[in-house]
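**Q** Letter by letter, the chains look like this.
2 protein chains.
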Amino acid sequence: MPYKETYPSQLLSEAVEAISSLPGVGRRSALRLALHLLKQPAENVHHFTDAIDHLRDDACYCRRCRMISDDELCSICADRSRDQRTICVVESVRDVMSIEATGQYHGVYHVLGGIISPLGGVGPSDLTIKELCERVAQLEDPSSAEIILALSGDVEGETTAFYIYRQVEASGIRVSSLARGLGFGDDLEYADTLTLGRSIVNRQEFRP
Amino acid sequence: MPYKETYPSQLLSEAVEAISSLPGVGRRSALRLALHLLKQPAENVHHFTDAIDHLRDDACYCRRCRMISDDELCSICADRSRDQRTICVVESVRDVMSIEATGQYHGVYHVLGGIISPLGGVGPSDLTIKELCERVAQLEDPSSAEIILALSGDVEGETTAFYIYRQVEASGIRVSSLARGLGFGDDLEYADTLTLGRSIVNRQEFRP
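Top to bottom, those sequences are chains Y and X. All residue numbers for the first sequence refer to this note's numbering, where the first residue is 186 and numbers rise by one. All residue numbers for the second sequence refer to this note's numbering, where the first residue is 186 and numbers rise by one.
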């Protein structure tokens, strides 16, 4: 049943309108959040809105890897202790955070800013693939460097990976992709046949 | 498994911190929202934060019914066509909006700002019950006026209703509460016994 809205206040109505423009936030949740903010001390609310304004106004993208950054060069690209010749290609900043959280990777990144999706209207030129090719072209002795394609395992991810591979293969750079297989703790019985099949083909030496 | 967070940007980290302070918004959702806002045009983001700041800074509470209002007196209290001698007592602004949406009520409201909850640390003095008693005391000929207790049907709602009843009964004002019974479209078989029992005791004349 549609919920006819009669706001007691124009200010409330406008705040609800603004909050419900966020993805995944409906008008009822937006009203709940607006009433919550109204009850908070004014300085808390200003702190909240200032943090968002600052993010939008002052955050920029790293000129090398296109990750969100406070400076022209992000903290990872600026870190001399990281291997600048191993470039992990990811879809978004969230993927960078996921990989960083593992603590297992010591190279640098390249954030595509999306994934090739003909249905979604996203083509190669909408992503930072050109910038990636330029990075590869600037590498000394590319054959001893590596690109890791850390993209999702769906059709769009595979398409994007293949497209990037074709763009960089001439440079002679080594191109790898994430290992696919059974997750830790996964039950063999419930694994899908494609994953299980790949796990058998790409079996690894047992190292107890 | 706890998610170790390594934000690539201090600004992003602060925005996520701020957004996740909202009730029901976890840190992953907050990150998703922050990245969404980062992709929006700057003017949209400023419109979003301005709407929230304006709500917090400029909205006030109606001096009569304590509802959120843009003026000293809310649009309902200021409306001469509404019956100012029938006062519907509700817990929150959201309840006012729900009742207004029915289009069946033409009196005014009194917003308690919460409900008596000993476990939640909310006592009568935390609510606008004193203000309600003052409103009742200022009514001419209270015995021809009415208070409708539109509170939830749980223990806290009943406690609050009873407390208010005891505060105003001496004035002689008529006190009613919302009808309880089977909802429209409810299946008899699945109704709880308490509701069904009350529906039988408080049965109404059949008007086809």
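Hints listed in this document are in silico derivations from the structure and should not be mistaken for laboratory results. Values in this document were obtained by computation on a predicted structure and should not be read as measured data. Take these hints with a grain of salt, some might be off.
Heads up, the list lumps identical chains together, so a pair's fine if it works in one copy or across two of them.
Said to hold, decoys possible - Taking lysine to aspartate or glutamate pairs in the EDC-like style, the calculated list, with each CA pair at most 16 Å apart, reads:
{"id": "1", "residue 1": "Lys-224", "residue 2": "Asp-243"}
{"id": "2", "residue 1": "Lys-224", "residue 2": "Asp-264"}
{"id": "3", "residue 1": "Lys-224", "residue 2": "Asp-238"}
{"id": "4", "residue 1": "Lys-315", "residue 2": "Asp-371"}
{"id": "5", "residue 1": "Lys-224", "residue 2": "Asp-242"}
{"id": "6", "residue 1": "Lys-224", "residue 2": "Glu-276"}
**Q** In ascending order, which of the hints set out earlier in this document are inconsistent with the structure?
**A** 2 and 4
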